[in-house]
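Chemist: Build the complex from these two chains, which are given one at a time in their own frames, with help from the hints.
Spelled out from the first residue to the last, the chains are:
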Amino acid sequence: MPEIKVTPLGAGQDVGRSCILVSIAGKNVMLDCGMHMGYNDDRRFPDFSYITQNGRLTDFLDCVIISHFHLDHCGALPYFSEMVGYDGPIYMTHPTKAICPILLEDYRKITVDKKGETNFFTSQMIKDCMKKVVAVHLHQTVQVDEELEIKAYYAGHVLGAAMFHIKVGCESVVYTGDYNMTPDRHLGAAWIDKCRPDLLISESTYATTIRDSKRCRERDFLKKVHETVERGGKVLIPVFALGRAQELCILLETFWERMNLKAPIYFSTGLTEKANHYYKLFITWTNQKIRKTFVQRNMFEFKHIKAFDRAFADNPGPMVVFATPGMLHAGQSLQIFRKWAGNEKNMVIMPGYCVQGTVGHKILSGQRKLEMEGRQILEVKMQVEYMSFSAHADAKGIMQLIRQAEPRNVLLVHGEAKKMEFLKQKIEQEFHVSCFMPANGETTTILTNPCIPVDISLGLLKRETAIGPGPDAKKPKLMHGTLLMKDNSFRLVSPEQALKELGLAEHQLRFTCRVHIQDPRKEHETVLRVYNHLKGILKDYSVQHLPDGSITVESILIQATAHSEDQGTKVLLVSWTYQDEELGSYLTSLLKKGLPQGT
Amino acid sequence: MAAHLKKRVYEEFTKVVQQQHEDLSTKKLRLTKPSKSAALHVDLCKATSPADALQYLLQFARKPVEVESVEGVVRILLEHYYKENDASVRLKIASLLGLLSKTAGFSPDCIVDDAINTLQNEKSHQVLAQLLDTLLVIGTKLPENPSVRMRLVEVACKHLTDSSHGVRNKCLQLIGCLGPVEKGVAKEAESQAAKDVQKIIGDHFNDQDPRVRTAAIKAMLQLHERGLKLQQAIYSQACKLLADDYEQVRSAAVQLIWVLSQLYPESIVPIPSSNEEIRLVDDAFGKICHMVSDGSWVVRVQAAKLLGSMQQVSSHFLEQTLDKKLMSDLRRKRTAHERAKELYSSGEFSSGRKWGDDAPKEEIDTGAVNLIESGACGAFVHGLEDEMYEVRIAAVEALCMLAQSSPSFAEKCLDFLVDMFNDEIEEVRLQSIHTMRKISNNITLREDQLDTVLAVLEDSSRDIREALHELLCCTNVSTKEGIHLALVELLKNLTKYPTDRESIWKCLKFLGSRHPTLVLPLVPELLSTHPFFDTPEPDMDDPAYIAVLVLIFNAAKSCPTMPALFSDHTFRHYAYLRDSLSHLVPPLRLPGRKLMSSAVSPSITPHEDPSQQFLHQSLERVYNFQHLDPRGIQELLEFTIRDLQRLGELQSELAGMADFTATYLQCQLLLIKALQEKLWNVAAPLYLKQNALASAAAKQILEETYKMEFMYSGVESRQVVIIHHMRLQAKALQLIVTARTTRGVEPLFGMCEKFLQEVDSFQRCFISELPHMQGSFVDKLLDLMPRLVTSKPSEVVKILQTTLRQSTFLHLPLPEQLHRATANIIEPTGESDNPLRFTSGLVVALDVDATLEHVQDPQGTVKVQVLYPDGQAQLIHPKPADFRNPGPGRHRLITQVYLSHTAWTEPCQIEVRLLLAYNSNRSKASTRIPKSTWSESLEALPPSENGIEGTIPFSKPVKVYIMPKPARR
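Sequences listed follow chains W and L, in order.
The C-terminal residue of the first sequence carries number 585 in my numbering, and the numbering is unbroken.
The C-terminal residue of the second sequence carries number 993 in my numbering, and the numbering is unbroken.
The shape of chain L in the complex, shown without the other chains (with noise of 0.2 Å):
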């Protein structure tokens, strides 16, 4: 019995629920089912309170509405806004038409009534507002349609005088954003509100919300950006707003003037409580440079920045932002800087200040002192002061902007400039160094300038350092003392930082080559000649020497008399160098040597450089061997790769195009190799050994042939085709060793249905190309097509190997430009004997820094790769704002790897190196994807089936030792 009434209980338990279930599952269908108007008409009339309305509707909006239905669910929405009691819901329903006006695909002109209806009896402030914005989307999805934006503007006009901020807000916005742009419009409409709407948006600039003033502001940027010219009269207006006390006016006032100062630059405006007229345009710097003191620093860094483009200026207003009047218990007293210039000019160096050294000197006229003058005096002194960082870079920034456009303006900021190299923020720092390296073409360096300049050497940071060589490398310096000084200072940083020696022998390359007159008379001393004695002969592999060698010998290039002044050890010492660093010595000619003759004249364009000869003439021996027997044709390519290798080694600017053609080359030469086996005589099985070469050769050409696809920059499609080709032939290789290999068809119709897929998407992707492939491989295979398709497997087999052989060696044509990707790691450096310990199971971070050349992308494709010990490796992604990008063509890679491992007993070498990843499906010959619609665009092509995705290795491995230690209980 009781079982028996468990049973029905449970029953009847069940029951319950399911119908429960049911319920609900009809209810979910209703939402989802097509027609939404009609689903959200049924859950509007079931909600009983305004609460349970608005939850319909927020649930209604998360979805998405198909265009041929939104005009139903307005209609359905707008039935029940004017049911509606709840501003809430209200508002939630303008909102949601806002949003269904935005459906792409939908027209809303066929609600543009019904909305400016809704605002005829609104009451609440805020829904007022939401319908505004309403219609603001509405008039902005309607650029063809003048009359509406029309009407759209009246209405707006309308609710200017409203009592809330908020709708005036949005009122203005709207205005700004449809208010007729072109005169003419205007004239036609002929209506109420066609009135200039720069007069309606002007009258708001003294509403007594600031909210309403900025937005008032902003209307009036808005309308200038649509190409509307602002009158002139508004200049005044907006200098009253300057003084506004809240910032965001103030802000937008800043840039309304600068939008007028830009309009009208050469109009006269008068100087208040003066008879005196000057431009607009100095007018308005004076103003924003006023505003460099605002008491907000959003206002600040919004007026320095603008300073900057502010080109139009005259430069005697210009140069007063540098100058602030120094006076000590009311006597002229002259600047620090002022000071340092006029030592130098007397010809005296800097002594030991005495106290009082800047004693002030004449009396000033009292009446003449302005504390704060309307004018610009001292903006930038002040705006280099700030106690913002922000403020100080968009200082840093307009100084840039306006001393590139004024030399004389660069003159006189440069001291400035320096003093910003010893701010306590790193990124002014940089900023400034960088800065000072985009105008130095203007300017040449003073020697106490130069001494600060070179103090900044010992920063400890990297980023500081590399900046600095930078701007030494185009820096123009007025003596020979300061080129001594600069060289001392670039040594002494050698020796502090050896890891520096590239970038220092770079610095010196060009400030030798830029000042051969001034290195001339330094030489006898740099080289430590004598000239009765000879002296020991310095080493050769010491970095300081080095780094002076290269300092003379570049200035040597254009100074045919300093070789006289080289001692014998030194001749020997060039050619060793030119050997060794050839990107950094140059050709010389020097007397008694052979390389005079070698050494080309300098009319000679760089296209016939010699050595690019060579790299051209090898190729042509190389492309031409078709009549040598193997034997020599092998023979022919290991000599060419040797010697393209060594080009590399060599000449810099060609080490792109060595190494891409000797890849090539060695492709070509494996492939010979392979099929030169003599596995392809015999019985398969017999020959196991050299069938792992074989398909060793075949991985082999497939690897490179990604490298060569993905590791160079500015490999063009021509050069992508016949990397292809030879990938391909690679597979056709591996086909064929397959073939011979395995016994049984099965595996091998897969085998050959997929290779014949990819030389017909080879076709696919490349025919453009076809007709330049005369006699190649693929050539051939595309007249076999029709056979191949039809044979067996073993058939196919046969007619691959036969057409391999046959086929003829494709010519690589060479691009202009290609470099090859490289990385270096340097830190860690990997020389540490001191493991790194941590507690297994817990992490630690390895600093890791490494310099990236001719990565393209890198944030996309650059790895971290960590290799335990035990075989099993990690692959870390840095994040996007590790990288920096010093220079074209060149990245930094900062990044923190983490690391962790269960304990070992004994401190062990992890290898840490930088990968490129690659995937194939965007390759170079696939249309290229701009980055932003990646995502997107993934989505919507097929993912195409040979589409394989790998790394390349391009760093040198670097071990770091590691002590996992077990933890402690």
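So that you can see chain W by itself, here it is in the shape it has in the complex (with noise of 0.2 Å):
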């Protein structure tokens, strides 16, 4: 039996670092290149070795597919491709394509020049990196070789962000990267048409939660914003550049349209500019509002909002501002905390979760004294608001996608071990498919049924298919031919021609059954009444009394005797060749049951 073969490098029970390895018909592909937030050793990459001890990995791996900016899910890709050393494509989206880079700058700006760390990699290897990348259209068909295609599908998330149809022959596995089933301000949702891959690897992040209406979220942001504002005090959103970012920036803009307000909103400059322009590009990948209004003017193209300058923060009056980074542990945004921290009028709006140990986790747990550096401890008395956006599926939204996609297999990866199994039994038990959540480095296999191409002659079929009712074709339907297997190639022919081919003669094989009816009459009056009966159920065929006292059936005979003992008996005779099986069996069952009562 043919095998789906997965191997998670990363993300198998875990959140980070996502490398999956699939191995379909042959071909190897690894689904996304991450790295780990969480590790600043050699843990923070996956551990490549694993494909190939020695030996280079473009000998192993047929392709490389990326399936969003995200750094857990292309951090890697560099080190990857030039460090251990890899040549063959690597596919993503034409906005990760355009993206990605400026990430993975930051990215190495931050480990090498701000930690010092060396051995990373460089630049110039980022740049040489992307040029092995091939972009790739929604809804295109790559042929990544002759066997192996690719097809990316709209998964919402983040712009560009791709889930991916991966076939081999018959033979097919989606990834889905991370999606996001509920449309938001800037994206819409994901969406796939029912392929019906043999395995659907999904993230499950939020396996375990159901999530509240986003209107509502919605309007409590923009509700304490606005508040806010009026009562003249500022508001600072850390946020991390990219992603979320924009979703609030689109939607602070519009509230601020609609509601004609004035007060300034700024953001942090930097990265976000050079983003920014690629989400004015990239209107195709957003949602029905932007691309249905850029025409008149693109939403990305923000009247309010305003590039920040370090010398704003001190300006009176209301403002927003969104500030990097998103926890609160260093940069401008601390800076700007620190400075407004004092006042009871202003707000800090926390938009996503925040790791242990930053400022962000200790004021949102409530802490209104924090220590400083040089011993300063800062009072807080500005409000803390919490405000969960995220775009990742919630469970309905998992569930949702497998019933689009109608897998035969579910694979999880990309949550934690707890809440997968959760969701892999309600999966199991609402779909009947099997699911499974291998840990990292753990192969998980699974069998395929096998399909395999027959030819057969066009007259063959057109004679075949002309048989019987036409109807019910979707359901299978019986054949008859002989199947030649020659020259590695299957063949399905006419019986006569596949005689001929092998030159053979031709054998009649006929069957004949006895059937005994009890019956006083006289032979003949049987032989009638047999006729009679089967004229009266077998409308559609042809059923003629011969002279000679038999009758036919098509080609069936059925001849009646008396029997040689007890004349009350009757034996009917029935012979139909080989090719009439069907319908032969199916009259001798009809007689056995013997003849209607009266006439």
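Keep in mind that a hint or two might mislead.
Said to hold, decoys possible - Residues on chain L that point at chain W, a partial pick, calculated with CB under 8 Å:
#1 GLU409
#2 GLU411
#3 TYR413
#4 ASP483
What the hints assert, rightly or not - DSSO-like, lysine-lysine: derived pairs with alpha carbons at most 27 Å apart:
#5 L/LYS182 / W/LYS521
#6 L/LYS182 / W/LYS525
#7 W/LYS367 / W/LYS248
#8 W/LYS463 / L/LYS182
#9 L/LYS520 / W/LYS248
#10 W/LYS209 / L/LYS516
#11 W/LYS525 / L/LYS223
#12 L/LYS242 / W/LYS180
#13 W/LYS209 / W/LYS331
#14 L/LYS520 / W/LYS209
In case anyone wonders, no lab produced these hints; they're calculated from the structure.
Note that CB positions come from ideal geometry on N, CA and C, so glycine has one too.
Modeler: What follows is the structure in structure tokens.
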């Protein structure tokens, strides 16, 4: 039996460092190549030596697919391609290809310049790596080689995020990457057609959560910002530069527009500006509203949101500032926070999760006095709000995607083991498909039904389909023919042709069967009764009563003789050829039931 | 020699050309000959190749064929059909057959047999499909002939086994459209095809081709539409189709399920995988709900729309659609809505939320959580959050319909509707506000909900704000804080968008009259009165203060204790507002006030309203003036007109009536004045000045009559006749004046002729009304008609003059409802000092925003006029889509006007105004022609000669400062 093997190098029962190896029909594909945020040693990258101990990776992998630009999905790419050495094709969507190097460069700067690490990839390596990238469009089928083809589907989540359908022959795998089934202010919802893959590899970050309507969250967020601004307070929103930041910007921008508000909104500069540029470009990847209105005005050309300057923080009056990084652990957001923390009119809104130990986490857990460096004590009087804006599919969303794609097997990655367990059970219960959740380095093997193509001549096909009633054409159909296996190919040919080709003589095979019927009447009367009976039942067949006292149904012969011992029993002789086996056996069973009483 | 040669050449050349020309023209002649069939026959015979023949047929198809020759043409076509080898030509012939049998007046019985015969030997699938289509056309043309239909259905059944999807498609379509609907017919025919059509179609639900499956479902729906009761057995089949791979199949299946659920709502169906049974309508509801999260948005829209019309569904199921069980880390979580509700019911006001406020509470039994239920769970939650706004709108509409029929559901869906007020697409927001208004009878807003609703008041879109005001007009608020909140937000809105003034006042009027008891405790605060100290008197012109007063006075109407809380100036302000904003301030019974006596007890019906009484009384007075001397009449008229105009200003509901009568009296006054001129006694040329006055009067009367006829909605034929009569008088006046001022008789001939024609057409149009017009001008005129026709123009003029003087003043009966069309240009405001600069020769777009009231068919009649300082006028017809209809009798025009001009040296003002176009052809007297057939029947009607088109300005002009700059080179 052919099989699909899946081995997560990262993201198996874990979040971060997504990297999954799939071998499908002799092809090896690597899905994502991410880094782990939590580690600073070798563990941050997947263990590529698993793939091959000695020998080049290029020989083992047919292609690498990157689902989106988040670092836990593409962070290890330059290391993998330049330092470990991989020269094969890397596939990603256009927006990902555009934004990914910016993030990689940023990541490199932080690790090398700030933390002073050596033996890390260089800017040149990022560039070289990006040269190996082949960009794909949505729904474009890309032929990697003769047999392997991939196709991208829209995944929501972040700009350019895609799900990939990987197909070799008739075996296929869908890898979702991260996706979002509910649309947000700037991106649409993930969508896939009923492609019925053998395996669906899905993320499961929110495997045990069903989220509230996003509208409540948005309304809350806007209300809080609006109230603070009306009071004359300042609002600080620490964000990471890409993804949620854009959503919040659009949200505030449209709100400002609608409500005719005048208070300034600032966005800390740098990396964001470059990224915003790409958001403007890739309009087709955004949601319906933005796509429809961009002719009049590109929503990402913000009217109310301006670049932030350090000096603005001291300006009087209300303002809203988006500042990086998102967890208030360093940089601009922390600086602004320190300036504004003392005033109870101000507010800080944390739009995402904060890691333990960061200032963000401390204030969220209710700490009002913070010890800053230099033994300073900072008293936090400003309001602290938490607002979760996350772009992963929740449990319902995951189920919805499974329903859309109708896979034969499901494999969960990118989530916590405990939560996966729950979802796994649900999936098996609801859809009756088997579900897997391998840990890192653990290989899952999935058996697939092989499909074997057989050639059939058109003449035979037409002849065979013409027989029998039409409407149930969707059901499997019985066909008569001879299967010839020759020269590594299968052919279905008509028996005559097969005989001719093989140089064999034809043999007739005939079945005869005797059926005993209790009937005291004369032979010809019995025959007549049988004839009438059959005629009554088999309306669609030609039933004939021949002058010699026998009956033919199509080519089946029925003769009646009286039993030699018991005149009351008639023996019906039914005889048919092998080709009429179906009808013949039906007839016998019919006759065995006896004739109807009366007349 | 050379010249001669040249000539020869030319001669020859011209000859050749001429011959060709002849040839061509003969061919043309033949084509247009009445006998089409012959021409076609010749053409087709001439055709050497299939392509040629096809060309001929295409040409032929462009021209209509007369009914008489259809059959002949069909025969020719059929003849060629059998001869033709090329499939494309046969296809064209087949389609032509269908086209021809559609010809009005032609009965296709005679060609049925031939058409069916053609099917026999046809091999090409495309042609077959086309032929079946033709048969379908023939069948639909013969609704009275069941036997033919039967035959056609039989033929279709035979071809159902065809291997091409196109043919099967058409067969199913034909069966759907022509299949026997009544059971009786099927039994009579007793033929094979009369087998249950439903079964035949049902068999094709499982066809291998999705297009055929769709066609089968559509055919089934078609049968349903034609009145066949579908069998319940189809239901399970249809349910299977919901999981089809193709969206069009799913979409059609959803419809079929809906139809079945309406047919058999109470049947019981088993739930698979359990022993329980539920009502069919509930099951279908659950299934359609499921489709709201389908992969294709077309199906989602379809499903969401249909949900709205499933009112028989049990409330238990209905409420599930709004329920999406939240959980977080496997623990049950409350929705934000539930939290808000709890906060509210515990009496605590929303505190600054802490992180983890929504922390999940109870553990969930993992087995019990059903992530994708087959039930209705959360269908609307999904639908309202959908990516496509089409789905969201459909969901909102469905919510609206369901909520209207179920108060408890209305209560539940409130939170979701309120959430939709923040949708990113304006259309959706607007739709949800309207929906909320429609269901507002069933609901009472909680404070936190009101808060969210009111937040939208700051929206920059006027449409949204106005819709919201409408909503607030009919909302129930539960607490006095709510009222206060609403007032504060409305006042905020007022300061931000002063143009909303009227709308806000109106909103507060209703808010006050709906919640008198809630307003009562707020009064001291709102009026800022103090028990001991006198507070400064607020500014009477402050719109915000007026808004507060409107709220209070309307509440005071049904709350007699309230006036006790008023301070002195409040009473004064009341008197002032009652006078100036009478439509917003109701009459109050105030202690120690004169008004108390005049304020009528509520038992008196509005018909006996004092103002109405006054109107009628003053009219009575006017109509009885016959006995007065001319001076007295004039004075009386003048006073009455003044009174009526004032009344119109005071009583908005009577404004139309008062204005209408005032205009009429004005006409009469003008007529009397004109007739009193001395010029009539003196030789004409000496009194040019008075003459100008009289002719001006005649002109003005004409204008006013057009206004009366076309500017008021609710004018009945009784009024129209009087208006026309007045117009006739004005025309007579015009004629007399011209007769007296011009010398020579020639021009008069024409005028007299025309006038007499008009009298004649008046008589024809209003023959039924004539008995009511005893002693009037026209009455007398008609008596004299025989004399008039024969006499000379000077005679005619003389007769007219005397009749005009002697004729009585006609009593103008008033209709029940009369409204004057008004328009108000909101934008441009005309206050800007900044000229609109643009390069000359190019265009600049000026946004025009106006409200129209009581305009009938604004799309056809309202125009925008732009007057340039050089006297040039431009008339713009706004697109029909620019008109919106926010309420009955009200319209809103939002359009763009393109301006352009040559360069000016300095900025100057242009005038923009709205005009009401009228056409006396389309007057109310002649039978009103429905819009759809208007263009056709217009050709049929002879254009009447007195059809005058014109425009009436009906809005105040607005000035816009513009500056076309010379183009830079």
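Chemist: Each of the hints needs a verdict: does it hold here or not?
Modeler: Hint by hint, here is what the structure shows:
1. GLU409: 6 Å, holds
2. GLU411: 4 Å, holds
3. TYR413: 6 Å, holds
4. ASP483: 5 Å, holds
5. L/LYS182 / W/LYS521: Given that 27 Å is the threshold and the Cα spacing comes to 23 Å, the pair holds.
6. L/LYS182 / W/LYS525: 17 Å, holds
7. W/LYS367 / W/LYS248: Given pair W/LYS367, W/LYS248 holds - Cα atoms ~25 Å apart, limit 27 Å.
8. W/LYS463 / L/LYS182: Holds: W/LYS463 and L/LYS182 sit about 22 Å apart, inside 27 Å.
9. L/LYS520 / W/LYS248: 12 Å, holds
10. W/LYS209 / L/LYS516: It holds: about 16 Å lies between the C-alpha atoms, which stays within 27 Å.
11. W/LYS525 / L/LYS223: 19 Å, holds
12. L/LYS242 / W/LYS180: It holds: about 23 Å lies between the C-alpha atoms, which stays within 27 Å.
13. W/LYS209 / W/LYS331: 15 Å, holds
14. L/LYS520 / W/LYS209: 18 Å, holds
The structure is consistent with each of the numbered hints, conforming to all of them.
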